[in-house]
Amino acid sequence: MNYYVKKLISFVITLFCIALLSFLLFQIIPGDAAMSRLGTEATREQVEELRAQYGYDRNIFVRFFSWFGGVFTGDLGVSIKYGPMEVSELIAQRLPITIWLGVLSIILIVLFSIPLGLISAKRPGGVVDMVTDWLAQLFMAIPSFVQGILISFLFGIVLSWFVPGRYVSPTTNFGEFLQCMIFPAFAVAIPKIAMTVRFMKTSVKKELKYDYVKTAKAKGCSLNGIMWKHVLKNSMLPVINFIGLIVAEVMAGSIMIEKVFNLPGLGLLLVNSISTRDYTVVQAIVMYIALIVITVNFLVDIICKVLDPRQAEESL
Amino acid sequence: MKMKKKNIKKDIKKEIKKESKQTLRYNKTNIRLIIGISLLTFIVLQVVFSLIVEIYDPNEVNYSEMLYKPSFKHFFGTDDYGRDIYTRVMRGAATTFGISLFTVAMGAVVGTVVGALTGYFGGIIDEILMRVNDCLASFPSILLALVVVSILDKGTWNICIALGIVFIPSFARIMRAEFLKEKNKDYVLNARLMGASHIRIIFKHIFPNTLPILFSGILVGINNAVLAEAGLSYLGLGVQPPDPSLGRMLSEAKTFLLNAPWYELYPCLVMVLFILGLTLISDNFGVSGVSLRSVKKKVEKLREKKETDYQKEPENNDTGNVAIISVKNLEVGFIEDDGIDDTLHGISFDLHKGEVLGVVGESGSGKSLTAMSIMGILSEKAVITGGSIMLDGKTDLTKLPEDEYRKLRGGRLAYVFQEPMTSLNPVKKIGVQIDEILDIHSAHLPESEQKKLVLDALEDTGLHDVEKLYDMYPYELSGGMRQRVCIAMALVAKADVILADEPTTALDANIADVILDIFRHINKKYGTAIMLISHDLRVIGKLADRVLIMQDGNIVETMTLADKGQKDTKEKSKDHDKNANKNLLGYENGDEILRFENPKTEYGKKLLSAAFSTKKYNDAADKADRVNTSNGKEKVLVKAENLSISYKNRSWKKRGFNKVIKEASFEIPEGITAGFVGESGSGKSTLVKAIAGLQKYVEGKLEINCERPGMVFQDPYSSLNPAFKVRRILEEPLRLKNGFGRSIKKKNRERMLQEIVAMLHKTELDEEILNRKVSELSGGQRQRIAIALTLIQRKSLIILDEPVSALDVTIQEQILELLMKLKKSFGLTYILISHDMRLVSRVCDQVYKVQDGSVLSVSCKV
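Quick mapping for you: the protein sequence lines, in order, are chains X and D.
Just so we're aligned: 212 in our numbering is position 212 of the first sequence, and the numbers increase by one with no gaps anywhere.
Just so we're aligned: 789 in our numbering is position 789 of the second sequence, and the numbers increase by one with no gaps anywhere.
Each hint should be verified, as a subset may be incorrect.
[Stated by the list, open to error] Quick partial rundown of chain X residues pointing at chain D, CB under 8 Å, derived from the structure: (1) 17; (2) 141; (3) 143; (4) 271; (5) 293; (6) 308.
To be clear, the hints were calculated from the coordinates, so they are not data collected in a lab.
In this text, a Cβ means the ideal position worked out from N, Cα and C, and glycines have one as well.
With the rest of the complex left out, here is chain X (with noise of 0.2 Å):
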């Protein structure tokens, strides 16, 4: 119990200094938002104003802490582009549609690397081994946009096996949501697969060298029998932690594939509110964002626990 207790509190200070850190971020910009808002021509008065309307004027940590408050209220204050619309309603409008996303991206990793990288690592120099590896080097050294754009464009010009640029919401119709999502998903997961192929493989490796895998031979266990029974969830737990860095990553690379197939989620409002100056939405989605990825490490934590009881002994 203690190990869950102690995970929790480090996962509050964790959010906190998160918190923090997107809070004073923008308050290195010069001016604010009441100025950004109202443009350069604006008499003090009315900046005054306007200041005074949102609350700017206040001490910091006065101002901070309301914000904080917000997070988890919803009260994030009123975008500047998208007129009177509270940034909550905003965020939550898009958040689903990046959750998706992320999900989509992160089960098709999980789908191909774990098999993958169990199977080249069994017969290492073997065809599986060599074609995978090849191509996982290639994929990596793709940028994830253009692997996007060739993706769209193979895809969704050549093959026309969906509409590029196309959103159908999951309340309308399920089945073509999910239609339109596959694709940027697997934009999202192919370069981070490579990535999760090739540590897979190095964990199998590792695990292969250890003392219970020949007690396991000795005991004539067949080679399948020694990958799936012993190594397989030996090798997952650096895997799973793995894939929990990776979510950082996951988030960012769905940024880059939002803009690429136009899909209304939290990355594409991101990138036009950074190019409109909206800090309000683009703090805000910062910390959203963070506070996702914050909250899978502490899944992730949880998971490998109960797989490997070990672990708790270990770091308590």
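Please build the complex by placing chain D on the supplied structure of chain X, with the hints as guidance.
Quick look at chain D alone, frame taken from chain X:
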């Protein structure tokens, strides 16, 4: 006839060697590395060339040549403004690579300094910085760069700074981990004992050892920076138009994918080839290209083919007493980069039913290799090149198909490994792991019956509460218990042969005896044949009926051990109690020695005398000498009164201090050898570290009346800096003493060399080794250098922390001889720590027993 057969065998071997050498020669150079280097040079040369020679202006607009296809005039065609794509790609690559190099350099330098300081010093700053690092890691890197750029505004320099900031945390993280790992190694303690400053230790001693990691981190970093630049450009925050960069071109070209695909293709190609080159280099740097699997397969095939061609007559003719395992002319080699390195040179022996066969030899003699060959679990590198292993005189195991072999393993043949801590699968329950054997070998048992068999086997090894044990994980068991579980695995399948490979080496002495008793019990009860492998003749003497002595891959001698039962053992041992073999330390020398006959070979004699050596290094004559030289009055070097040493407990649950040593009091006079004995974890190492001044949280009085003591550590592999050559290692204390900075005058250099050479001779080493790295030396040589290192600092008090326990027995004796000789000629005082009562009683003049934190003086026979 026999002669001819021998010749044929030689021929086969020659052919195998020749052919494998050819395969290896073909494989040896790592092709991937070469491809990587050539790709990188190819791209970089073109980029450099395009910077020097300008054929087209990269930004010159020419509307009459829009979107031209690749041609001789324009290698890569032209873009939508009629600009030459080749020139733009090369110029863009220069910008992109420039940005990447700058950002990675920034990340690496700042990250290394932060990582080194936090990793080395630890403490509160480390905790804060790591927390900040964790937070930064929760922001996706591109997001962070995006935010930084949007705050700083666009522009090439701002991108550099933004990406640089993004790379700092990852470098800080890997360097911190490296420094954390390295700072606990003994060579760092050694440097501290020399009086090196922390900054010198960080940058001169530890930093060189982290270079390989830093190097690969930099390569991966450049790779990521190139991709990140591309991403930023795509989002419109990168290099601003009209200047090209690879990322900009890639995103500009996307609208022309259909009518001008080359526009997208070429910048992409340049980027891919560049990154591919980097990855290939970082993956394959220092990796040999030899595919072990293919060589191994080839050798196996060749041997099978050749041997079946030549051998027609049956191998075994005598039907009378057939051995279970009969090894004939077994040859095993290791696949190296330049051919097969023979390790077992044709050994032959039999293992009979009910017999305990000991195999003894020093490390590298091939004893484990023999057992693994029988079991058919040789590593990827090792391959059988000749000979046969007959089971029941019928099946040749070396040619058995894998599927049939598998049925024998765990069934008739069982193996017990040295390391019980690692030889069980950490994430599976004990019961399940034993159960698995029955699942594989006797498939049709009902579950309850199967479980009963498992529980019986566990009970047979003397374990209690087996029901509970069945559902426990290995980490909940002690080493001795785990080793019993391993033995139970052999029992459950009713194995005919147990191959026990150093089964007691990793265990404390009293538990080791229990494990040997279990083996004896199994052998008597079931008639199981046991092959007991050990480096220690005393272990062999407790159990074996016969012993093979191995040296360098040959069996040099076979000895039959006298039966314990024949001599009236009880009577004898009672005699011993009263006579020579019982020490006042409570250590029983036992009667194992009596079981060995007189060795016939020189090596056998050497081994036996080393293992059972009773040579004393602490005799009275020495003592008399010592007292004379110090005018009858002994000077006390170390004096401790009510000394307590604690560790700070870092875990949240039990904050506070753990007392490791409680209220110890002792005195060590000059010129003696003082010993501290105790089992692992008793606190003896902590105690001597406190004497060396390496321990925080020391209470009570600890007086040391000489300069800081020198130390010789147990593991000579970690106590000498692996990044240095021998000469540099021995130079370090001299440099520190004389305050030599970076530039050392030639005169001084030569003077240091003379001093070092003199010291090498004193420790009986050759000058040759001066220019070797530590990794190229044997254990004995390393330990001699460790001793020379303390002497060159003119230390008079030297702490020996298990100085010989990592060495082979014959080497152990040599090192002891050397230590005692040096003690006399330099007038040294030693503090010896060991778990080995026997060693301590032979060497020390004064002995303290460390047990559960208390230090007790024990009398020692002098």
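Each hint tested on the structure:
| no. | hint | verdict |
| --- | --- | --- |
| 1 | 17 | 4 Å, holds |
| 2 | 141 | 4 Å, holds |
| 3 | 143 | 4 Å, holds |
| 4 | 271 | 6 Å, holds |
| 5 | 293 | 5 Å, holds |
| 6 | 308 | 5 Å, holds |
The earlier numbered hints are all upheld by this structure, with none contradicted.
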